[in-house]
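**Q** Sequence:
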Amino acid sequence: MRRTVCTSIFLAIAVALSFGSVACSSGDGSVPGPTTSEPISTVTTCNDFTDPPFNYVNGEHQEGFDPDFLRAASTAMGATLRMSDTRFSSLIAGLQAGRCNAITSFMYITPERAKVVDLIPYAESGAGFLVRQASGFRPQELTDLCGHPVSTLQGGVEDALALSTGSLGQQCAAAGRPIAVRSLPTGVAAVQDLVAGRVDAFFMDNAGAVAFAEQYRKDDLVVSNTRLLAPVVAGIAVAKGDARWRSWFTEALRRLTDSGELRRLYDRYGLGPVSAADVDKALAGRPAGSN
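Residues in the sequence shown are numbered from 36 upward in steps of one, following my numbering.
Bear in mind the hints are in silico, worked out from the structure with no lab data behind them.
Incorrect hints may have been included.
Simulated restraints on C-beta separations [stated by the list, open to error]:
#, residue 1, residue 2, range
1, Asp315, Thr261, 48 to 58 Å
2, Ala208, Ser282, 43 to 53 Å
3, Thr200, Pro74, 49 to 59 Å
4, Arg173, Thr77, 39 to 49 Å
5, Val223, Gly171, 21 to 31 Å
6, Val223, Asp302, 34 to 44 Å
7, Thr261, Thr79, 52 to 62 Å
8, Tyr143, Arg299, 20 to 30 Å
9, Asp293, Thr200, 39 to 49 Å
10, Thr110, Gln205, 42 to 52 Å
11, Thr77, Gly211, 51 to 61 Å
12, Ser199, Asp120, 38 to 48 Å
13, Asp293, Ser199, 41 to 51 Å
14, Ser199, Ser282, 42 to 52 Å
The beta-carbon is built from N, C-alpha and C at its ideal position, and this holds for glycine as well.
Can you build the whole structure from these sequences, using the hints too?
**A** Following this line, the structure appears as structure tokens:
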């Protein structure tokens, strides 16, 4: 497991596409970048705190996978952490304007993003199944949903896969066991369908499934899958050509991997380590779950 994570991290440096550096702004509100000779004492990140379970605000506290990861990373590297709440659509612009040193907002790696920022793979998410423990239904693979009523989050990756126009939906229909998809506008509505027995599973992002299973523990909901399905790779974004910050985060990941803290964070949030093959797929623009 450790070898897989470290290999993919160093692969990120090797395969990061280089289309020229993006300099940090020196105007008001910018964050100065360190020179190659001075130690890094403070790291400032841009995060969208409207995206649980990855980044969210609970009372006055910034919580989620990314804040927990950043606190562990800054401690391991002996740096002070500052997190700036930034809407997702403005994250890259904020980085390029020098308002932060890095984006840590569980940003998926895509070819388009790799053209404008350097991306350091640090975690994988993927699809999962939330089910009622008493039902006995324990899907492990995507095709286990064939012939079952399933709720999905409207417009989500899983929704697109399961609908009759999606690759999974077509596969199940061709086998004579179509999926009865209930596309719902919110995760809460989809969970309520599951609790009421109107569907056999809520097909959703695995990290969200883990969070809902904890939140609705009294309703006896569990995550049935034992591995991530249709995995997607998230990356830490730094300015194009910024070797200093890229190296800092790579070293932080190495230290957290060696200490076991990264594995503990993955387990807590229903995430997984990065594989080199999935990084290749992401950079090639191949969809989640493709070969």
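**Q** Does the Cβ-Cβ separation between Asp315 and Thr261 fall within 48 to 58 Å?
**A** Distance hint for Asp315, Thr261 is violated at roughly 24 Å.
**Q** For the range 41 to 51 Å, tell me whether the beta carbons of Asp293 and Ser199 fit it or not.
**A** holds (47 Å)
**Q** Holds or violated: the 42 to 52 Å window for the beta-carbon distance between Ser199 and Ser282?
**A** holds (48 Å)
**Q** Please check whether Arg173 and Thr77 have a Cβ separation lying inside 39 to 49 Å.
**A** With a Cβ separation near 47 Å, Arg173 and Thr77 satisfy 39 to 49 Å, so the hint holds.
**Q** Taking 20 to 30 Å as the hint, is the beta-carbon distance of Tyr143 and Arg299 inside that range?
**A** At roughly 23 Å between Cβ atoms, Arg299 and Tyr143 fall inside 20 to 30 Å, so the hint holds.
**Q** Taking the beta carbons of Asp293 and Thr200, is their distance inside 39 to 49 Å?
**A** About 45 Å separates the Cβ atoms of Asp293 and Thr200, which means 39 to 49 Å holds.
**Q** Does the Cβ-Cβ separation between Thr77 and Gly211 fall within 51 to 61 Å?
**A** Since Thr77 and Gly211 have Cβ atoms about 60 Å apart, the given range 51 to 61 Å holds.
**Q** That 52 to 62 Å hint for Thr261 and Thr79 (C-beta), does it hold up?
**A** violated (38 Å)
**Q** Is 34 to 44 Å respected by the C-beta to C-beta distance linking Val223 and Asp302?
**A** violated (25 Å)
**Q** Range first: 42 to 52 Å. Now tell me if the beta carbons of Thr110 and Gln205 are that far apart.
**A** holds (48 Å)
**Q** Within 38 to 48 Å: is that where the Cβ-Cβ distance between Ser199 and Asp120 falls?
**A** At 39 Å between Cβs, range holds.
**Q** 49 to 59 Å was suggested as the range; check whether the CB atoms of Thr200 and Pro74 agree with it.
**A** holds (53 Å)
Hint violations for this structure: numbers 1, 6, 7, all remaining hints satisfied.
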